[in-house]
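Please work from the sequences and hints to get the whole structure.
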Amino acid sequence: MATEYANSSEYIAHHLTNLTYGRFPDGTWGWAHGADDIASMGFYAIHVDTMFWSSFLGIIFLGIFTLAARSATAGVPGHLQNFCEYLVEFVEDNITQVFGTRPNAIIGPLSLTILVWVFLMNLMDLVPVDFIPYGAALAGIPYMKVVSTTDPNATLGMSIGVFFLVLYYNLKMKGPIGFGAGFFTHPIPSIWAAPFNLLLEIVDLIAKPLSHGLRLFGNLYAGEMIFILIALLYGGGIVLGLLGGVMQWAWAVFHILIIALQAFVFMILTIVYLTQAHEVHDDH
Amino acid sequence: MEQSLIYIAGGILMGLGAIGSGVGIGILGGKYLEGVARQPELQPMLMTQLFISLALVDAVPIIAVGISLYMIFAA
Numbered sequence: 001m002a003t004e005y006a007n008s009s010e011y012i013a014h015h016l017t018n019l020t021y022g023r024f025p026d027g028t029w030g031w032a033h034g035a036d037d038i039a040s041m042g043f044y045a046i047h048v049d050t051m052f053w054s055s056f057l058g059i060i061f062l063g064i065f066t067l068a069a070r071s072a073t074a075g076v077p078g079h080l081q082n083f084c085e086y087l088v089e090f091v092e093d094n095i096t097q098v099f100g101t102r103p104n105a106i107i108g109p110l111s112l113t114i115l116v117w118v119f120l121m122n123l124m125d126l127v128p129v130d131f132i133p134y135g136a137a138l139a140g141i142p143y144m145k146v147v148s149t150t151d152p153n154a155t156l157g158m159s160i161g162v163f164f165l166v167l168y169y170n171l172k173m174k175g176p177i178g179f180g181a182g183f184f185t186h187p188i189p190s191i192w193a194a195p196f197n198l199l200l201e202i203v204d205l206i207a208k209p210l211s212h213g214l215r216l217f218g219n220l221y222a223g224e225m226i227f228i229l230i231a232l233l234y235g236g237g238i239v240l241g242l243l244g245g246v247m248q249w250a251w252a253v254f255h256i257l258i259i260a261l262q263a264f265v266f267m268i269l270t271i272v273y274l275t276q277a278h279e280v281h282d283d284h
Numbered sequence: 285m286e287q288s289l290i291y292i293a294g295g296i297l298m299g300l301g302a303i304g305s306g307v308g309i310g311i312l313g314g315k316y317l318e319g320v321a322r323q324p325e326l327q328p329m330l331m332t333q334l335f336i337s338l339a340l341v342d343a344v345p346i347i348a349v350g351i352s353l354y355m356i357f358a359a
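Protein chains in written order, with the working numbering: chain W, 1 to 284; chain B, 285 to 359.
Honestly, the hints are just simulated from the structure, not real lab data. Note that this is a predicted model, so its numbers are computed, not measured. Hints may be right or wrong, so weigh each one.
Computed footprint of chain B on chain W, listed as stretches where at least three residues anywhere in the stretch have a Cβ under 8 Å from a Cβ of chain B [said to hold, decoys possible]: (1) 180 to 193; (2) 215 to 224; (3) 259 to 271.
For glycine and all other residues, C-beta sits at the position ideal for the given N, C-alpha and C.
Now the structure itself:
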């Protein structure tokens, strides 16, 4: 894999293609050697780098919290325990504010996982663009996209997972009839407005997971794209290189806020959607 | 020809998204400052609400920016 790039668009294109393993049109499975290969693979294309980095960071998240849980003492808490307790209490406060204290086995762990896991995946965006892909290129791996939340499959996968959970709780709490009737009676309770209601409710139901996942993707993808464009400056001599360094530092500092905010918003919206699924108010 | 149309489309997509989020977040920030001016002790709670609604206002424009960057560079 040549690490010299003919022009800037090839550099950008390289940093945007995933390491993909999939089924070629002729039926053989293999590594894709370029964006056109990935396109030809269609559905049967697995973004190996996204899968690797997201599960790697997930294991790190589980490891940290398991370690903290196992070494938890009622006495003087250590740093790790303080850190984990702070996060758990932060998530717990947000849940009680929005969701209340209804018994629910899944919303606590789910929110903590989403907050920390999405934050960790976003955090990879602060690693300078060329560090890991260059190391991977030396090791013979042609493409490496480090930030898994810049892959729409990952973010939409999470939001669709939350969407199934919302459907499950809707059916469980309101029952199929209650849930189905809701499509015709909300938001305008009169019978004549039923078709209009149905249209509105269907659009609302679909828009929630879509905007939930694409918001995270859009933020991280735009952020990474700007990092790549700044990285292009390094190839333009000493003056542009220094300018690139300053801009990379400035954008990284600002990006820290975006990373934390998007992980927080992804969690809050998950809680809000689950709360809406539990709303059983027969007001008419 | 076809590539230049994509650049124009991406530009328009980002531009209109920027107008929407600019106006929206401008009003949001203004109201937030009024709220803090009226009751300074509520500042931390208001700031959390500000960030949540800021992300919601920002959702569609940033999706537009993401899609237009994807169109220009990757598609």
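Hint-by-hint comparison with the structure:
no.: 1; hint: 180 to 193; in the structure: violated (count 0)
no.: 2; hint: 215 to 224; in the structure: holds (count 6)
no.: 3; hint: 259 to 271; in the structure: holds (count 5)
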